[in-house]
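Chemist: Each chain, letter by letter, is given below.
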Amino acid sequence: MKREITLRVNNKDEVIVIDDADTLLEVLRDRLKLWSVRESCGVGACGSCTVLLDGRPASSCFLLAARTTGHDIVTLEGLGDGAELHYIQEAFVSQRALQCAYCTPGFILSVKALLDETPEPSDEEIREYLAGNLCRCAGYADILRAVRVAQDKKKSLAFKE
Amino acid sequence: MANLAIVGQSVYRTDANPKVTGRALHVGNIEMPGMLHVAVLRSPYPHARIRHIDKSRAEALAGVAVVLTGAEIAKMPAVDAHFGPAFRDQPILAVEKVCYAGDPVVAVAAVDKRLAEDALQLVEVDYEPLPAVFDVLEAVTPESALVHEQHRPAKAFADLAHVQAGRQSNICYHFKLRTGDVERAFAEADRVFEDTFSSPAAQHVPMEPHVTLVYLDEHERLNVWTASQSPSYVRTELSATFGIPMNRIRVRVPYLGGGYGAKLYAKLEPLVTILALITKKPVRYALTREEEFLTITKHKVVTRIQTAIKDGTVTARKCEVYWDTGAYAEIGPRIGHKSGYTSAGPYRIPNVCIDSYCVYTNRVPAGAFRGFGVPQVIWAYDSQTDMIARAIGADPVEFRLKPALDEGEPFATGTIVRSFGIKEAIREAAQAIEWSKPRAAPSGTKSRGKGIAAGVKAVLTPSISGAIVILNADGTANVLSSTVEMGQGSETTMGQIVAEELGISLEQVHIVQPDTDATPYDTITAGSRSTYHMGNAARSAAAKIKAELCEVVAARLEVAADDLVAGKGRIFVRGMEERGMTVGEIFLAKFGSLGTTLAAEAVCQPAASHMDPETGQSEKCTEYWFPSATAAEVEVDTETGQVKVLQLVSVGDTGTSINPRHCEQQLLGAALTHLGLTLFEEMVFDEGQLVNGSLLDYQIASFKDMPESVRPIVVQVPHEDGPFGAKGAGETGALTVAPAIANAIEDAVGVRICDLPITAEKILRALTDKEGTAVSIGSTTS
Amino acid sequence: MTIRSFDLLQPRSLAEAITLLVQHGEDARAIGGGTTLIILMKQRALQYRYLVDLQSIPGLNQISKEPEGVRIGALATHRSVELSPVIREALPVVAEAFSRVGNVRVRQTASVGGNLAHADYRLDPPPALLILGAEISAMGPNGARKIPLKDFFRGMYETALEPGELLVDVKIPSMPAKSKAVYLRYSAMSANDWPCLGVAAMVTRENGRCKELRLALGGVAATPVLVNGLTFVKDQLLDEDVMQQILAVVDEQISPFSDLRGSEWYKRQMTQVFIRRAIAQLDSQLIEG
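Residue numbers (my numbering), protein chains in the order written: chain H, 1 to 161; chain C, 1 to 782; chain A, 1 to 289.
These are calculated hints, taken from the structure and not from any lab test.
This structure is a prediction, so every number in the text was calculated from the model and none was measured.
Mixed in with the good hints there might be a few duds.
[Claimed, not checked] Only some residues are given here: those of chain C computed to face chain A with a beta carbon under 7 angstroms: (1) ASN472; (2) ASP697; (3) ASP705.
[To be verified] Using 27 angstroms as the maximum straight-line C-alpha spacing, the simulated DSSO-like pairs for lysine-lysine come out as follows: (4) C:LYS704 to H:LYS2; (5) H:LYS33 to C:LYS280; (6) H:LYS33 to C:LYS113; (7) H:LYS153 to C:LYS281; (8) C:LYS281 to H:LYS33; (9) C:LYS704 to H:LYS155.
Where a beta carbon is used, it is the ideal one built from N, C-alpha and C, also for glycine.
This is chain H alone, in the form it adopts within the complex (with noise of 0.2 angstroms):
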């Protein structure tokens, strides 16, 4: 069945009509051109579709679009303020926490995730938390690098504050 809704993505209200039976991954790619929002497993068990629902992570390829109206979705694209990078992606560039970056958008908004529930994890946490974010490339130490400078950087941000 075909039906408009409003989505809230990224601070906006999008008003579309959909099929019922559209993942929400379908519309932010195909409909919203949300390219970040990357389709890879289709199980919910690689992380490269990862949105933010609400502040949590979650696979927009097992999510109907018509179940997640009323929620706050954040991709990629709508991390930080659009101008600059945001700490968590500084520090996977400097990091080096990034090859062939499928995996990254996902990766990003996970550690986002982790950081505001989990100010300072352990080793062992973080490794839970991402454990579903999957990277052939295989740059974990790389990653798990980036989370501890990104960690440090938010911090010390909110101390300024």
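Following the hints, position chains C and A against chain H.
Modeler: What follows is chains C and A alone, placed relative to chain H:
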């Protein structure tokens, strides 16, 4: 290396910004007006004749542009219904019969994905199942079912010019190496070791699945956007398949979301092209993850290896290597050849006999996978080397070091090795893991052990890379190269090389992404060959431009061109920076205007000498070598068999590093990927049906699988012909992970696993067998 | 992969949802978190004309403390259970079991009711809920009823729910006094993988001896298994003799089959190992605590 401004510096990636913002262009982001989407019906049978296809109901669905079968393609004049890099054996869509469960049979192009998939459900195919063969050792027997009745060579690559049209056999390629007197050495041996090792089919799992978009432009030229590691080859293949002149085909590759060998040669391109030609509409086909598993795999390999020992030394080795290349040969023959000739190891062994067979079976086609088959042969020879060392009471590190080839000695092919840091790699690995220190005592159910493994890969030779460098009047440069940036950092590496040569900054160099309308031929982005081949080509092209600049400056300043150097965007007299000219000044002097450009092309084309088909002997079988060593420390739970890798050290000789940090990243990434392949990755088949073809069931190494201590060590033995001494790094870390872990497990608990992956269950089984009694209820201690 | 078009029906009450399910019969299916259902529908292994959205019914996602336990609404997510202060305090073993499912995103979406109604033999929560004596509340065309969780799982992906019947909530009794419980999950392959098996154990002590032992397992039969016939441990010390008897009882009641995570042989072996480990862990906790 002295006086280098940027080569050798661990600069940041030039593609970092687009990648961390998610703005990096991928094929999946490209849309065309009126674009159609593809869905493909695949065979449920591993081997069957297609009796009849009824597609009428699918065709009747509104919005469906075409429903295509292989039989229709076979009837099209001027279209070759089959393609492939070694043999033209793979149909665009199955013609008459299917050869594996997952073989594409019917393709639908429709206005949206859902509709295309709806249409597929309306297609009915009537199959007549045929006898099939799933086991590589069974496939080589005369009784086996035949996968193909004939083998038609493709002639696309120089190094595969020798593959021959096949007879009535599943063996599509047989490589032979003979040196010394093997039979005599075995007869005179003190001890003979004979073992069989196996390595399963696995999938590359690039996070970006294959995707291809094809459309005809306003000149009816074929435009192809594709996630490929080999844009030049794709153009050649499409030209050969469809009889289209090469200049009417344009292949472009933006950033690639991982390749690891999966995206080499042609994959979706022939099918999407024919759909675009038929419909006259832009057509995009993006594989699902499940289809990815049914498209290409790592070769399953069975290796029988016999080694003769005399006076504590290896005197002879016989290897029989069976490559299960699946239903279509793909690049199997190249792998059987290039990896085949290295399968006795980087050692001084006077008598060697190698038979390497590339064999068809009714399974998913196998191709290149980070390491091009070499990890599979090293799995066999290094595991056995370790077993022999332990059996004869030799120190496993010394047992490898002593016969390891030195610079200037001949490899088993007769080729004299150069830039061959195998001993350095072994020593570094042993030192990093404190090999000589006593092992920790077992604690409860946990036992620890250490392992070292060593091996070598040779670069694909001959192969070709061309590059064009264009210098702009403002001192910036564009580099036209068909090397694909797939995560390895080639864009940054090429930028560093060209910036160094032209004396400009990295920011002043732009690397143009592969576009066959503009970027010259490159064999493939694979095999750790780009830094050397494309790096040399780009550097030589830049050097030609520099020479032209110097000529102008020499004339103006009345100095010898030889005394001029490039740096900081200028050409100046060595040691006198103020005596020189900027690029702008030179352009004004040369052209009288600033609007022009200076361009130069160069090609890097290392040759190989003839290899004797009976003995595998060649004066030069390869341009350079990648020595690798891995050290591992493991902890084995003797109640469960579970292995925890505590330390993993990946050592590789990459030649001089252009970007040391990126070399380290390549070593470690390859090693961690192979940790998963070592411990749990396996495509499991049941009667030819893939059982675990989804990421719910097929697991790859995740954050939680990473050992607490991981460490890359780059050994830099410069190569005299490499750009600034560089070789390459993409595969080296992959080569020796599996045997290092198997060796460490034996060190820990005294059992030897010869079949990958090394699962906890296999270890517990082996421990149980060793104890001689099954672990009965309650017999363990808590 | 796309899902074949369907109509999403969004009832505002359970009664309305049940009416819709009854009305559309096999053409309709209820959707909770939807993680598994959506995947199967994308693969077109399942196709429905209607999905009845349970998320649109208010109040089904509550987690509430009750006098004799905790009640978890069917639509509560795994993540909300895992992080719930009520559950972490009263039933830490439940929080632990839910925290082991899938990954953080799956847990953010997957619902408790969906997990149980899916009846996958390997899932982590059922063994933990079984040892605690959890009870399902269901509502269907014939009204409401209670189903003890031990009677809920009927076979591979089969439950006691009748057509049109919905799982409303699960009630978990409080832990008995002087008892401790643990859930051990064993992944034999990737640390990220489905479990080879999971073991939940609860020991209640009295006067330095065992008063009661409850064991439940996942992954070792077509359904989660609550071990029966352990009453002989009453007033015993859990020494080697008793342990042998326990393991023998367990071995009789499981029927593991070979899958990607282990052969039947291996799963029997691991059952022994992890039951020992679970009991050892509890025993030391009880001694210390």
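Chemist: Hint by hint, note whether the structure agrees.
Modeler: Structure-based check of each hint:
no.: 1; hint: ASN472; in the structure: violated (46 angstroms)
no.: 2; hint: ASP697; in the structure: holds (6 angstroms)
no.: 3; hint: ASP705; in the structure: holds (5 angstroms)
no.: 4; hint: C:LYS704 to H:LYS2; in the structure: violated (42 angstroms)
no.: 5; hint: H:LYS33 to C:LYS280; in the structure: holds (25 angstroms)
no.: 6; hint: H:LYS33 to C:LYS113; in the structure: holds (16 angstroms)
no.: 7; hint: H:LYS153 to C:LYS281; in the structure: violated (50 angstroms)
no.: 8; hint: C:LYS281 to H:LYS33; in the structure: holds (21 angstroms)
no.: 9; hint: C:LYS704 to H:LYS155; in the structure: holds (26 angstroms)
Checked against the numbered hints above, the structure breaks hints 1, 4 and 7 and satisfies the rest.
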